[in-house]
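S.K.: All chains, full assembly: derive it from the sequences and hints.
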Amino acid sequence: MNRGYGLSRLWVNSLFLLPALLVFTVFLIYPVANSFYYSFTDWNGIALAPKYIGLENYRELLGDSDVWNSLKNTFIIALLFTLGVNVIALALALCLQGSHWIQKGLRVWFLIPLMISPLAIGYVWSFFYSPIGGILNMLLESVGLSFMTQDWLGNPKLAIYSVIFSSIWQSMALSMIIYVAGLQAIPRDLYEAADIDGAGMLRRFTTVTFPLVAPAFTINMVVTMIFGLKKFDIIFIMTGGGPGGATENLAIHLYNQAFTYNRMGYGSAIAILMFLIIFVLSLFQVKILRNREVEY
Amino acid sequence: MTNVSKKAAPVLQALVLAVWSFIVLVPLLVVILNSFKTMEELRFSPLSLPGALRLSNYAEAFLEANMLRAFGNSAIITVISVLCIVLFASMAAYPLARSDAGWSKFIYLYFLSGIMVPFQLAMVPLYKLLNVLDLIGKHFGVIMIYASGALALAIFLNTGFLKTVPRDLEEAAMMDGAGKMRTFWLIVFPLVKPITSTVVITNSLFIWNDFFVPLLFLQSKSAQTIPLSIYAFRNENMTEWPLIFAAVVLASLPLIALFLALQKHFIQGLASGAVKG
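Order-wise, the sequence lines are chains D and Y.
Per the working numbering, the first sequence starts with residue 1, numbered consecutively.
Per the working numbering, the second sequence starts with residue 1001, numbered consecutively.
The reader is advised that the hints may include incorrect statements.
Residues on chain D that point at chain Y, a partial pick, calculated with CB under 8 Å [to be verified]:
{"#": "1", "residue": "Phe16"}
{"#": "2", "residue": "Ser35"}
{"#": "3", "residue": "Leu92"}
{"#": "4", "residue": "Pro113"}
{"#": "5", "residue": "Pro118"}
{"#": "6", "residue": "Met138"}
{"#": "7", "residue": "Pro187"}
{"#": "8", "residue": "Ala193"}
{"#": "9", "residue": "Phe232"}
{"#": "10", "residue": "Asp233"}
{"#": "11", "residue": "Ala246"}
{"#": "12", "residue": "Ala251"}
{"#": "13", "residue": "Gly267"}
{"#": "14", "residue": "Ser268"}
{"#": "15", "residue": "Ile278"}
If you are wondering where the hints come from, they were derived from the structure by calculation, not from laboratory data.
Don't be surprised by glycine CBs; every beta carbon is placed ideally from N, CA and C.
M.R.: Given below as structure tokens:
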């Protein structure tokens, strides 16, 4: 085959690569590279020539108690979101791996919240949680648990958990579907072998199901953790980071610094911190989780 | 399984499913019921059925939140962005999956570097870039942002999938005299369909419902997407919950209807990308 080699091949290959390279470079890599540059400046979003201030933003970052607070919240949200989503998704997937019509129907039903914008979900749950006339308190009172009624979003100790739960409620099903697919791919004879060995429900799960659902587990853990670290919409709508910074994570803090206070340079430094955290944690997770995947 | 667990398992499963079904149901039901009520009705009995099937909230939300225009804007942005992502990613993946040359590996790694980058890292300079290019408040700018953000993962999935597909078909097509372009459209693009459906589904969902990017770059009233128009509508009707709920229902209906119509493909598409990628 003569065609396809030499210059013409290079030309055709670049034709295939060019659109993606162009868009990716201009609208992602170039801005990202600029972020590193801006993080060394005092740019306010308007000035044409931002002033170079060296490591000043990073020095401020380390001493900024708001950053430490939002860092703590970022970790709490990501951790509980990841755990909550994966525990609930796996538990439901175990109940839904069959092909009974009820199981098929419930898979669809559980996915409905995922179709709704996080913004709308935020409004719905704000109403649900509100201290006066809120549905949650009303439900608790109606079943005689009125001592448990709370200002779910106004109480700084509780607000973060209320937001996390709403977020789990919305996006849990995405992971559930991936777990269902993973579970359905497990060969039946492995379960039969476990049955013959007299394994109980718990042993079946720990020796067959859990090790073999590992690829789905890896994907879900990494993806939900990255989502969890970047949460913005639902927090922005439900609490705006309040009360008193109790739900403010890095994404919200960054938005406020960059676009409310026009501190674009400082915002860029926060963005780089956020990137480093996501990058290191994902690599770390992939490495650990890949190790426990088994071939079969 | 032992006898006890054999009997207990289905009961436990049914219980787990019933609890989560209920947890999903309640907020959705509250929204729908209250979207038909007046403010007094809602304040008095938020959990009861509405007294009448009042559609005035819907009419008001539809008109005041400029829903029709917002639907149009969201549809244009979602469709064009997803089209760009699917085409550009599958095209780029073809030479990357079929060549072992140094340049190919280099470009592949270059694209991969984008997977871990959070949007926030590009956000501040993007604001300046779009300003310089006069793209603030324009659909094109937002479309490019969505495309650039999604390309890395889409290329990764496409390349990985394509590497597992034998080249026989392509070589046969080339033997028959088809050029590389023709081979791509006739053979390769149909082959990567499982990945394409995953890419289409996840990105459509994300872009249609995204609030953050339009909040930063699409504030002008005529360019607003659905989430942004609801946001503006809420800010004008702070605690008029029946109105807000009517807007929420209206905004959510198109995607839910589409999902229900295509749910089988949707669920398969989500799972196939995760398993094969």
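S.K.: None of the hints should be skipped; say for each whether it holds.
M.R.: Quick rundown of the hints versus the structure:
no., hint, result
1, Phe16, "holds, 5 Å"
2, Ser35, "holds, 5 Å"
3, Leu92, "holds, 6 Å"
4, Pro113, "holds, 6 Å"
5, Pro118, "holds, 6 Å"
6, Met138, "holds, 7 Å"
7, Pro187, "violated, 15 Å"
8, Ala193, "violated, 13 Å"
9, Phe232, "holds, 5 Å"
10, Asp233, "holds, 5 Å"
11, Ala246, "violated, 21 Å"
12, Ala251, "holds, 6 Å"
13, Gly267, "holds, 5 Å"
14, Ser268, "holds, 5 Å"
15, Ile278, "holds, 6 Å"
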